[in-house]
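**Student:** Below, each chain spelled out in residue letters.
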Amino acid sequence: MADTKTKPVQPKQGLLLDIRNLRIEATVYPPGGEAPKTITLVHDVSLTLEKGKVLGLIGESGAGKSTIGLSSMGYGRGGVRITGGEVIFNGRDILKGGKEGFRKLRGREVCYVAQSAAAAFNPAHRLMDQVVEATLLHGTATRAEAEKRAVALFKKLSLPNPETIGERFPHQVSGGQLQRVMTAMALCSEPDLIVFDEPTTALDVTTQIDVLAAIKDAIRDTHVAALYITHDLAVVAQVSDEIMVLRHGRLVEWGGTRQIIKEPRQEYTNALVSVHEIEHQEQKPSATPFLSVKNVTAAYGGGHVKVLKNVSVDIYPGQTLAVVGESGSGKSTLARAITGLLPPEQGSVVFDGRTLGNRLSDRPKEDLRQLQMIYQMADVAMNPRQTVGTIIGRPLEFYFGMNGRERDRRVTELLDEIEMGKGFIDRYPAELSGGQKQRVCIARSLAAKPKLIICDEVTSALDPLVANGILKLLLNLQQVEKVAYLFITHDLATVKSIADSIAVMYRGEVVRYGLKSKVLAPPFDAYTDLLLSSVPQMEIGWLEKAIRGRRMASAGN
Amino acid sequence: MLDIKRMPIPALIGIVLTALFVLAAFFAPWIAPHGNGEIVGDVWEPMSATHWLGTDNLGRDLLSRMIYGARITLFIAVLATALSFSLGAILGFSAAVFGGWYDTLLSRLVDLLMSIPTLIMGLVVLSVLPTNLVTLILVMGVLDSTRVYRLSRAVAVDINIMDYVEAAKLRGEGEGWIIFREILPNALSPLISELGLRFIYAVLFLSTLSFLGLGVQPPDADWGGMVKENKDGIVFGIAAALIPAAAIALLAISVNLVADWVLNRTTSLKGGRG
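Chains A and B, in that order, give the protein sequences.
Here the first sequence stands for residues 4 to 560, where the numbers follow the working numbering.
Here the second sequence stands for residues 17 to 290, where the numbers follow the working numbering.
Chain B with its partners taken away, still in its complex shape:
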């Protein structure tokens, strides 16, 4: 089914880059030349044969920290996005199918959550709760699921009035079949395009939280946290802060290239057979 030769070039680039990021994250302890918190040289050494990307503000090997950072960044962002999508999509679809007070209650609750700026909400909640990975993922996932809820409800309301859904209801199908077999496959395209975006938002949100000191705690650091650690170097013409920033940008682009390609394939109503 997957023919590499027929794949468009942007999708190939996206897949290769994303795979590189994932592999780096997965095998971090084996790939990284030095430990995550290990001080191996002077502060902000330039790029050299021993330290390919130089060292950071405490003299740690930047390449090693980037690799470990990929691990944390991807882990949290993937789990938070997965949470937000499963929660948001299932609640959104069920709101559209059940309607009535269930829909009203959920929708107003979501409106309430959305009326508070996400960052402020996140800051408040995280400053009260113990700062660890689980709460971080939960908070990010739940806050982001409000957006997914709105989208999937809107999409599902449109699909729910189609004749084929009515035909399924006339047949006597339960809500489970209607949500997962009639609506979900037809709502996949907008959801996937949203997924690419939301994943990157999760990375950026995590970076923001870390930048403000409420995200990943030192000595671990995600890429956003590493930008913060090295930001003072920019004044002295040291590029250490730009490297994690560039990594975020590269990840954003490659993930969206893949998402676009998946989108193209799922939009086909002929099972991708052409």
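Okay, chain A solo, but in the shape it has when bound:
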């Protein structure tokens, strides 16, 4: 493998980063002229990192993991201040260095890889210019040297056409490739530390595994140290030597990777480790499905881009059909075709023995009531200007003509069903947490007493523990209300815990369809196998095994 460095690399030893009693605060300005308040985001957290080692920072959103990660380069995002403690990097306290010190540090000794590479690259400049920019600014190499180094890094990160990919603009490469280019950018100035901030969270599982492997190889070969921030314990277990679990800005547990995932000492860590395990007994389909999608073909752009090709699935009363696939496989489009948002070109949707109108406007109110939808992003699925009471109450008014006290009573009942209290009735969506928002969306769809609820990636934007709670809630509600779900997701772990039958979609076609036990049992077709083997497992060495499995497959075994 090509080495990026001109000098021979020795594995480094000794302490690189020593954060002592770090305290980070932010001032919040409540609207309406109240006095500004100071809140503490990170409470006296200490950590050390040796040269060439990888420390995983893990926790839910709001745990302070990104904030701590960024403090290693003395940066506070959006008005966040480091108010206490020391950040000793390469033997000096960088917080005392002032602006000039930060400028010398950032992009030279510490580099950063952001979550969304697509948002982090400047769309107006070619990739190469952005990759070598920091190196040139710090004057550590000439342009020719830096570009040579970048090309070597592209090669190491297994990017296609490493010689010429730098000529492209960010929109000309895929999301997974862009994330790897960003890693190359961070490595280009030969830093001592890289902060990876959820580098694979926005990617599909099948892409994630490649990027993960590339990052891991690059870290190993360049002996750079890294802080790896993620909320996915299975991912962090693959790349890090040590793991630090954080919650509400406090340290929960810190230990070797093996100890954290095998023998967690804290209850919270244990909850994180065992999070995906929901037992769900598969139900056999009843005699007749109540909703059948028959040979549906749908396209965007006036028929030019076919996104659904001859898709047929059945949904049985009170059961869950999970639709799995990576982004672009057409699973959300299937939901749009069923709801009538995207009229199919061919084929039909049969509901209770009659064909549903193709367009939304052709369907009577009663049909609309029977099919409800829950969205991935709960915060944009609710009108921010309406209270929870209005949001849940509107379907009651609209479909059942409920008003006044009767409506309020039913809203309260629904709030109880989603395990939220009456006190939420006057809240606005901005006053709810992510999990609560999704619960309100569930209540809104339940209010219509539908036969089918389409769940479009409803747990993807949530932290694992919260997502788990939502899944349990959905399963309970299914038993009580006898509602069926069409569950769209890219997360196979979710599928295992909720589905009765599964449809695997790839490029607009259903490639595998049947009962859960059948779909998830060998022999697999190539795509399902790839999908299944790409789901990170919480075991050390899984990544290497999975990659080896792929190489063998591509070698024809």
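These are calculated hints, taken from the structure and not from any lab test.
Beta carbons: idealized from backbone N, C-alpha and C, even for Gly.
Check before you lean on any hint, since a few could be wrong.
Selected chain A positions facing chain B (Cβ under 10 Å, derived; list incomplete) [stated by the list, open to error]:
hint, residue
1, Gly94
2, Arg261
3, Phe293
4, Leu363
5, Lys368
6, Gln375
7, Met376
8, Gln379
9, Gly404
Dock chain B against chain A, hints included.
**Tutor:** Frame of chain A, contents of chain B only:
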């Protein structure tokens, strides 16, 4: 809900000043020491105990004319702005929601109207139509609504693709609910900030028209007209023309202070409860 102590000082100043202007306009006949067209002294008398702001180019009491002028200025500007906003916002929102040929037709029509400079358009139309308050308000309102249309359409197009609007459509809601209950509350912030600006533009447009002789007809005068009447005095060092000009500036600032405050409150997604 409204706590005066918690109100920011600029907003308080804005509210007090705006209220003063409105009160003066409303109670003009009772407050003004002299009649609107009454000649009470010499031409361009300086400020004195009898004439607090002096007299104008015909020897009328300037304070009285300022008070009556406030009445006309505010009346026309408020009605014209109200017209332009209701017309522009409703058409803009509906264009965004309905789309298709309705949107195309309206938008091109608006483009057509906007391609002709407002002042020239106003001059042409007003010189043909009989000059009275109703036509003045209509012309000003319709011409200004093109700007509001563009803004509200642009805002509504963005809101119309949000998931919560899609959810409402899936529920089967009619266009009325979508426009007034889903889009309008979320489009209010940009519209209010525009409202403060547009109101002042209406005052200035009215002044321009009056200055050119097509706005308010003598002996009545809005503030812009009074600047015109007294402009010759500036050469002789007489400040009479500057007083209505200053009043326009003060009104502009105070109305926008209020608009900013309302904007701050409506931007809150937590119902202003903090």
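**Student:** Now tell me, hint by hint, if it's right for this structure.
**Tutor:** Evaluated hints:
no.	hint	result
1	Gly94	46 Å, violated
2	Arg261	42 Å, violated
3	Phe293	19 Å, violated
4	Leu363	6 Å, holds
5	Lys368	5 Å, holds
6	Gln375	8 Å, holds
7	Met376	6 Å, holds
8	Gln379	8 Å, holds
9	Gly404	14 Å, violated
Of the numbered hints given earlier, the model fails hints 1, 2, 3 and 9; all others are met.
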